[in-house]
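Numbering (mature numbering (1 follows the signal peptide of the UniProt record, and there is no 0)), first residue to last: -18 to -1, 1 to 399.
Keep in mind that the hints are not guaranteed to be accurate.
[Said to hold, decoys possible] Cut-off 35 Å, straight-line C-alpha distance, at most; resulting in silico cross-link-like pairs (DSBU-like, lysine-lysine): (1) K362 x K199; (2) K199 x K60; (3) K225 x K194; (4) K208 x K380; (5) K199 x K380; (6) K163 x K225; (7) K225 x K364; (8) K339 x K380.
Read the hints as simulated data drawn from the structure, not as lab findings.
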Amino acid sequence: MHTCLDTFLSLLFRTASASLEARRITVVAHEKANTDARTSSGQDLDVLAAIHYIAIFLLIVMSAIASGLTLGLMSLDKVSLDVIVRAGDRSGATKDEVMKAKAARRILPVRADSNLLLTTLVLTTVAVNSLLPILIADLTSGLVGFFASTILILIFGEIVPQSLCSRHALSIGSRFVPVVKVLRLVLYPFAKPVSYALDCTVGENVDTMFTKRELQKLVDIHVRRKVMHPDEGHIVCGAMSYKNKVVSDIMIPADKLFTLPISFSTLQVVLFCHVDLYASTILNMEVLKMIYNNGYSRIPVWNKDQNDVVGIVFTKDLIYVDPNQDIPLMAFARVFAVAAHRIWLDSQLGEVLSVFKMGSTHMALVYDVNNSGPSDPLYKLKGLVTLEDIVEEILQSKITDEIDSLEARQKRQNCTN
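Input sequences plus hints: build the corresponding full structure.
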């Protein structure tokens, strides 16, 4: 009886122990499963947060690229880029000019359609700046996300990239041309209609062009900042302004001309002296010496009066004259004198230079006409202009010419005396 009872109790105890052990194992298993679940959930949250941070960083980078390129590329008009390319392609270009030309050549195809470029970059900026606060708000509260996104966009998405691109638009813009092409391809369905509407309403981008006066001021600025030599600046400004001037601005007045009469009994020298010779104009030693002392290479000769110039005599041709033979100036002029080219007092320097460039003459007599009376018009000699005078006006600098040589010779003679 006792044996059976002991056996029963022993069996009951074992069953209870097994049940408790099974329950303990089940509880431990549940706790382990919950721990694993919490660990897995934490790891998933960490991965999601990392993805958020990476996405925020990429969006800030895209915002910086789009914002900076909007300012940088739009500040480079097609005329400026074309000038840079042509300057780098010329022979003798510096290394810096060649590098700038390569950069400008890469930008030109993208810059060709300015409205499409502007629309693409603005759409990118708006899309990125709209998505960035949403991602930041998922990691923080709404107010913190607002301030964080505002500060990030303001500093790293606007101020810093625009500051860099405004100073280095050419170099930075050329490096990001592939990025712009990808953005233009992706956003083309949205950007093209907007750019087409801009083309129809506001028109295409207007290139920067300068007037002559603006170009002269631009040259002056380059000279002041020592980008150009002052002589180069004077030449450039003179070349741009000389065509607007007339002959009367630069001519030698008639009362300062050295002329010779061809058939009068009085020889008149109009410059610094007046010499009377009571005979026809003869190329004797006295006249030749006077011509030499005045130092001119070309001498107008006249007939009735000084307004009636019949030709120009070259001093170098006087080498054929024997001063002992008393050759008349008329006879000499018939053989060696050339016709005098006549222009009007209000003739523009550009027209006169075109005549001189033809090579027929480098000297012209300046006349004025007075037709106010009932008689025939009166043509009066006002002065003389030479190619040298026009060149001086272009160079904006004095060239030592015949008058200067004469004055220097007279000063030396005065010092000797």
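A quick look at each hint next to the structure:
For a cut-off of 35 Å, the pair hint linking K362 to K199 is broken: about 39 Å separates their Cα positions. Of the pairs offered as hints, the one joining K199 and K60 holds, with about 22 Å between alpha carbons and a cut-off of 35 Å not exceeded. A threshold of 35 Å between alpha carbons decides the hint, and for K225 with K194 the separation of about 11 Å falls inside it, so the pair holds. Note on K208 and K380: the hinted pairing holds, with a Cα-Cα distance of about 23 Å set against a maximum of 35 Å.
Taking the CA atoms of K199 and K380, the gap is about 22 Å. The hint holds against a cut of 35 Å. Proximity of K163 to K225 is assessed by CA-CA distance (about 47 Å); at most 35 Å being required, the pair is judged violated. Proximity of K225 to K364 is assessed by CA-CA distance (about 20 Å); at most 35 Å being required, the pair is judged to hold. Under the criterion of a C-alpha separation no larger than 35 Å, the hint pairing K339 with K380 is consistent with the structure, at around 21 Å.
In the structure shown, a violation is registered for the earlier hints numbered 1, 6, in ascending order.
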